[in-house]
Amino acid sequence: MKEKLVLIGNGMAGVRTLEELLKIAPEKYDITVFGAEPYGNYNRIMLSPVLAGEKTVDDIMLNDEQWYIDNDISLYKGKSVTEIDRVNKKVVAEDGTTADYDRLLLATGSNPFMIPVPGKDKDGVIAFRDIYDVDTMLQASKDYKKAVVIGGGLLGLEAANGLMKQGMDVTVVHLLDSLMERQLDKPASSLLKASLEERGMKFLMEAATEEIIGNGRVQGVRFKDGTEVEADLVVMGVGIVPNTGLAKATGLHCERGVVVNDVMQTFDPAIYAVGECAQHRGIAYGLVAPLFEQGKVAANQLAGLGYAYYQGSVTSTKLKVTGIDLFSAGDFNEEQGDEVISLQDQAAGTYKKLVLKDDRIKGAVLYGDTIDGTWYFQLMREETSIADFRKTILFGQHDLGDAGHGDETRVMALSDDAEICGCNGVCKGDIVNAISKHGLFTLEDVRARTKASSSCGSCTGLVEALLASTVGEGYDASPNKQAMCKCTEYSHDEVIAAIKQNELKSIPAVREFLEWKTPDGCAACRPALNYYLLARWPEEYQDDAQSRFINERAHGNIQKDGTYSVVPRMFGGLVKPNELRAIADVCDKYDVPEMKVTGGQRIDLFGVKKEDLPPMWKDLTDAGFVSGHAYGKAMRTVKTCAGKTWCRFGTQNSTGLGVQLEELTWGSWMPHKFKLAVSGCPRNCAEATIKDFGVVCVDSGYELHVGGNGGIKVRVTDLLTKVDTEEEVLEYCGAFTQMYREEAHYLERTAPWVERVGLTSIKKRLLDDETERKALYERFIIGQKVSQVDPWKARAEGEAAHEFTPLKIA
Amino acid sequence: MTNWTEIAKLEDIPKLGSRVLKTDTVNIALFRTSTDEVFAIKDACPHKQGPLSQGIVHGTSVTCPLHNWKIDLASGEALGPDEGCTNTYDVKIENGTVYLALPAKEAAA
Ligand code: SRM
Ligand SMILES: Cc1cc2nc3c(=O)[nH]c(=O)nc-3n(C[C@H](O)[C@H](O)[C@H](O)COP(=O)(O)OP(=O)(O)OC[C@H]3O[C@@H](n4cnc5c(N)ncnc54)[C@H](O)[C@@H]3O)c2cc1C
Ligand code: SF4
Ligand code: FES
Numbered sequence: 000m001k002e003k004l005v006l007i008g009n010g011m012a013g014v015r016t017l018e019e020l021l022k023i024a025p026e027k028y029d030i031t032v033f034g035a036e037p038y039g040n041y042n043r044i045m046l047s048p049v050l051a052g053e054k055t056v057d058d059i060m061l062n063d064e065q066w067y068i069d070n071d072i073s074l075y076k077g078k079s080v081t082e083i084d085r086v087n088k089k090v091v092a093e094d095g096t097t098a099d100y101d102r103l104l105l106a107t108g109s110n111p112f113m114i115p116v117p118g119k120d121k122d123g124v125i126a127f128r129d130i131y132d133v134d135t136m137l138q139a140s141k142d143y144k145k146a147v148v149i150g151g152g153l154l155g156l157e158a159a160n161g162l163m164k165q166g167m168d169v170t171v172v173h174l175l176d177s178l179m180e181r182q183l184d185k186p187a188s189s190l191l192k193a194s195l196e197e198r199g200m201k202f203l204m205e206a207a208t209e210e211i212i213g214n215g216r217v218q219g220v221r222f223k224d225g226t227e228v229e230a231d232l233v234v235m236g237v238g239i240v241p242n243t244g245l246a247k248a249t250g251l252h253c254e255r256g257v258v259v260n261d262v263m264q265t266f267d268p269a270i271y272a273v274g275e276c277a278q279h280r281g282i283a284y285g286l287v288a289p290l291f292e293q294g295k296v297a298a299n300q301l302a303g304l305g306y307a308y309y310q311g312s313v314t315s316t317k318l319k320v321t322g323i324d325l326f327s328a329g330d331f332n333e334e335q336g337d338e339v340i341s342l343q344d345q346a347a348g349t350y351k352k353l354v355l356k357d358d359r360i361k362g363a364v365l366y367g368d369t370i371d372g373t374w375y376f377q378l379m380r381e382e383t384s385i386a387d388f389r390k391t392i393l394f395g396q397h398d399l400g401d402a403g404h405g406d407e408t409r410v411m412a413l414s415d416d417a418e419i420c421g422c423n424g425v426c427k428g429d430i431v432n433a434i435s436k437h438g439l440f441t442l443e444d445v446r447a448r449t450k451a452s453s454s455c456g457s458c459t460g461l462v463e464a465l466l467a468s469t470v471g472e473g474y475d476a477s478p479n480k481q482a483m484c485k486c487t488e489y490s491h492d493e494v495i496a497a498i499k500q501n502e503l504k505s506i507p508a509v510r511e512f513l514e515w516k517t518p519d520g521c522a523a524c525r526p527a528l529n530y531y532l533l534a535r536w537p538e539e540y541q542d543d544a545q546s547r548f549i550n551e552r553a554h555g556n557i558q559k560d561g562t563y564s565v566v567p568r569m570f571g572g573l574v575k576p577n578e579l580r581a582i583a584d585v586c587d588k589y590d591v592p593e594m595k596v597t598g599g600q601r602i603d604l605f606g607v608k609k610e611d612l613p614p615m616w617k618d619l620t621d622a623g624f625v626s627g628h629a630y631g632k633a634m635r636t637v638k639t640c641a642g643k644t645w646c647r648f649g650t651q652n653s654t655g656l657g658v659q660l661e662e663l664t665w666g667s668w669m670p671h672k673f674k675l676a677v678s679g680c681p682r683n684c685a686e687a688t689i690k691d692f693g694v695v696c697v698d699s700g701y702e703l704h705v706g707g708n709g710g711i712k713v714r715v716t717d718l719l720t721k722v723d724t725e726e727e728v729l730e731y732c733g734a735f736t737q738m739y740r741e742e743a744h745y746l747e748r749t750a751p752w753v754e755r756v757g758l759t760s761i762k763k764r765l766l767d768d769e770t771e772r773k774a775l776y777e778r779f780i781i782g783q784k785v786s787q788v789d790p791w792k793a794r795a796e797g798e799a800a801h802e803f804t805p806l807k808i809a
Numbered sequence: 000m001t002n003w004t005e006i007a008k009l010e011d012i013p014k015l016g017s018r019v020l021k022t023d024t025v026n027i028a029l030f031r032t033s034t035d036e037v038f039a040i041k042d043a044c045p046h047k048q049g050p051l052s053q054g055i056v057h058g059t060s061v062t063c064p065l066h067n068w069k070i071d072l073a074s075g076e077a078l079g080p081d082e083g084c085t086n087t088y089d090v091k092i093e094n095g096t097v098y099l100a101l102p103a104k105e106a107a108a
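Listed in order, the protein sequences are those of chains A and B.
Sequential numbering from 0 applies to the first sequence in numbering that gives the first Met the number 0.
Sequential numbering from 0 applies to the second sequence in numbering that gives the first Met the number 0.
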């Protein structure tokens, strides 16, 4: 028989926990839900836009009643639970309904804090917490004119803005001298106040409310200094108090909230608590992102998996007032020993401030231009050293060389039919609809549902921006530690480390050791694991063909019609007449429909039938060609220019050096494609400064450049160092390549890798530590001994023949 | 009437891999799972006809090599949010030999 799970509180945290639970253990429980509000589950955050008339209540429903029916959940809506009987394990609602439980989940949220002044119970005095409050305010805006909002924090300002949009004359009363003092520093706060005033909002600062006056209905507010202000509606937006009444009454240990441990369990092991009512390590959160993380952990525990822990969250804030962009996170008021960098443009109305300690971001406040909020927040959570780009950090990520889609805040201004994902042809409207209709909160959800950003990924920032603006701050920014894929809880780095430390030498060994959740893994983790093992144990690991993408299994690029393309290697782009003749002959012999000179200085033969690949390779191999690996997460090409031999500007033999580099590196498997180039002088005809490893020859030697990318997001290389001899070029190249091969995440090119780990740390190890450089180079050479076996020749000679031969009916 | 046709030995199909059977009318992909079950489905993805035989097999599904749709091998249906279905064929394994129930016109081929 199924166990019984009862949820008290039909809000955002509780239902999110159920969703997570249904994903991983759909059959484990008979679930009953009690909710005091007479609705399904809705997105509370979005009450602000509802009040402002930008959305309707229907728009913000996350799970309608059908969802409960579809998932066999008994929903008692509009029924408040009044008693928990822990001895008999049952709950009792106000109307006498009871439900037994084996496990109980408390998610009762918060109560709005009503300042205890005389008159607070008068008609027309309300809070801003639920649909009922919003309805009351909307009705009042039709019947009355003057509103007073007490509280100049997030909630208060969003209420004030909404009421103003509904045509009311609104005064915000704030106890302190600056608005949103918990989220903003003084300069940002005064910018905010100025722009709200410009829109017509009035403020009474440093005003302490003494009494709410009026006979029957509210008529005004009186302050300690004796002054008064008229009001037909008073909204208290001063704060929230975790709703612990029920928990306290049943004897659970509570402080500010219901105290829970790292698995979201209260002092009664059968009772869990999540959301605003819970207090974890001293903190009761009031934003949804942490609550969702808690929900994930609670679900994992309730499902009996028991490996997820909650370790607290770092939060960030935005204000949902259309047209006002502000962002804050962390400790944005500097303390002794912190450093501050800031940028202020009064006229343009922008302000940016970062608080730093040891080159790590501790806190950020942005006003007017918040595009980079997510980026700063990520740098902060990941504790990335910003030393390398400190000088330009305030200009934003854009300045790091992102020629991609850029300005993400403007994305909401795009029309619905604007294409966001160029690969899958997904428009803005499709994404926004999917988010609202299916209640999506994470990038992964959106990818799964719409395919947007699931291919080349260049539109990820735009999709995240759409998520953020459609669901508000509820969207799950990528968590601190991102699991490799759905089959595991472990991140790429953890998997790489485990393979090394525990000497895991096969895919099943990794999966068993790290307790993979799926029997065979998936199309995302298998190729990654295969690569990590190959990179770590080149001599011992047995490559697993079935864990490679088809291109690498068939050693050609699959085409849209199922044929393949063939790109023979041309070292350094040099070619001889007899080689060209051999390629021409092969094309005649196998009816190759199209040939093309590639952007990588060699020739692509398109439209080859799979069965023809091995015989064609035989002919190419006989003519001296090896595979160009144009299909692989592997070393691709070395682009060269004419160089000293011919060019009047050439300073070194760039062509010859290119050939040597290609001879050194061809055949090596990589986390992603890897391209090199050698230019003979700073005119840089081989475009070496957008390559993974580029050499620019100069009169006095060779400049080595790394981390460039000419693809989706153009990134110019960073200068690694300058060396004097060709031998050094080869050694540095091998060592850099090996470091990338051992440490980058699968499918991470050098550009994002260099940005993630920081050029400084790469330099330190490659330049300052000769022993480490030599050891890396040594390991690269060992790996190359195994890798430089031409896969085409092997297959021409019969290896993996089953791959290329169709079955026939006997 | 089911027309069982001998197709291959089990070991001709790589574990977690596939082979293609070409008939006059269709290409049929035969997949072998890690537990030695064999499934046969039309070698054409419901999305844009991608050759499913070239995909990565995991559990009892295959990820299409062209745009990563996941197809259930038993039902031929697209999994997750994608929608679409491709034909499946009955398979049996006896003494290490794989037999396929070919529809009449394909068997004639
Ligand atoms: C053939 C070629 C186009 C051409 O005719 O010139 C080409 C063709 C493809 N490129 Fe490319 N790229 C080719 C040069 C480039 C270049 C230019 C260069 O290398 O100088 C770039 C930009 C430089 C760079 O990589 O930094 C380039 C950036 C990409 C990208 C984006 C990579 C990125 O990191 O942003 C992809 C997508 C990917 O790798 O995920 C891609 C992916 C592809 C794929 C493999 C798409 C696919 O998965 O099927 C195309 C395969 C066609 C085929 O069937 O053969 N191709 N591709 C070029 C082959 C070069 C070679 O000789 O091997
Ligand atoms: C107007 C507004 C704007 C906001 N904007 C943002 C924002 O931009 N970003 C952000 O991150 N967060 C925002 N928040 C905060 C966010 O909505 C809350 O943090 C979140 O909803 C808390 O989730 P919860 O499940 O803990 O509580 P709730 O969502 O409040 O759910 C608790 C539910 O339990 C019910 N309940 C309580 N006691 C009982 C009982 N005894 N029996 C049965 N049911 C009971 C309540 O009626 C309620 O429905 C905003 C909140 C408001 C009000
Ligand atoms: S060859 Fe490159 S640029 Fe051209 S369509 Fe294919 S992936 Fe896109
Ligand atoms: S053809 Fe299979 S996913 Fe597109």
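None of these hints come from the bench; they were simulated from the model.
Model, not experiment: these values are computed from the prediction.
Do not take every clue at face value.
[As the list claims (entries may be wrong)] Distance condition first, Cα-Cα at most 27 Å in a straight line; then the derived DSS-like pairs of lysine-lysine:
| hint | chain 1 | residue 1 | chain 2 | residue 2 |
| --- | --- | --- | --- | --- |
| 1 | B | Lys-41 | B | Lys-91 |
| 2 | B | Lys-21 | A | Lys-559 |
| 3 | A | Lys-595 | A | Lys-712 |
| 4 | B | Lys-21 | A | Lys-672 |
| 5 | A | Lys-807 | B | Lys-91 |
| 6 | A | Lys-608 | B | Lys-21 |
| 7 | B | Lys-69 | A | Lys-617 |
| 8 | A | Lys-485 | B | Lys-21 |
| 9 | A | Lys-608 | A | Lys-672 |
| 10 | A | Lys-485 | A | Lys-54 |
| 11 | B | Lys-14 | B | Lys-69 |
| 12 | B | Lys-14 | A | Lys-485 |
| 13 | A | Lys-516 | A | Lys-1 |
| 14 | A | Lys-499 | B | Lys-69 |
A quick look at each hint next to the structure:
Distance check on the hinted pair: B/Lys-41 and B/Lys-91 sit about 17 Å apart at the alpha-carbon level, within 27 Å; holds. Straight-line distance between C-alpha atoms of B/Lys-21 and A/Lys-559 comes to about 19 Å, which keeps the hinted pair within the 27 Å bound. Straight-line distance between C-alpha atoms of A/Lys-595 and A/Lys-712 comes to about 25 Å, which keeps the hinted pair within the 27 Å bound. Between B/Lys-21 and A/Lys-672, the direct Cα distance comes to roughly 34 Å. Violation of the 27 Å bound is thereby established for this hinted pair.
With a C-alpha separation of about 17 Å, the suggested pairing of A/Lys-807 with B/Lys-91 holds against the 27 Å cut-off. Distance check on the hinted pair: A/Lys-608 and B/Lys-21 sit about 14 Å apart at the alpha-carbon level, within 27 Å; holds. For a cut-off of 27 Å, the pair hint linking B/Lys-69 to A/Lys-617 is broken: about 35 Å separates their Cα positions. A distance of roughly 35 Å separates the Cα atoms of A/Lys-485 and B/Lys-21; the hinted pair therefore is violated under the 27 Å criterion.
A C-alpha spacing of about 25 Å is found between A/Lys-608 and A/Lys-672, which places the hinted pair at or below 27 Å, so the restraint holds. Distance check on the hinted pair: A/Lys-485 and A/Lys-54 sit about 34 Å apart at the alpha-carbon level, beyond 27 Å; violated. A hinted pair counts as satisfied when its Cα atoms are at most 27 Å apart, and B/Lys-14 with B/Lys-69 qualifies at roughly 18 Å. For the given pair, B/Lys-14 sits about 22 Å from A/Lys-485 by alpha-carbon distance, which is consistent with the 27 Å threshold.
A C-alpha spacing of about 22 Å is found between A/Lys-516 and A/Lys-1, which places the hinted pair at or below 27 Å, so the restraint holds. Taking the CA atoms of A/Lys-499 and B/Lys-69, the gap is near 32 Å; set against the 27 Å cutoff, the hint is violated.
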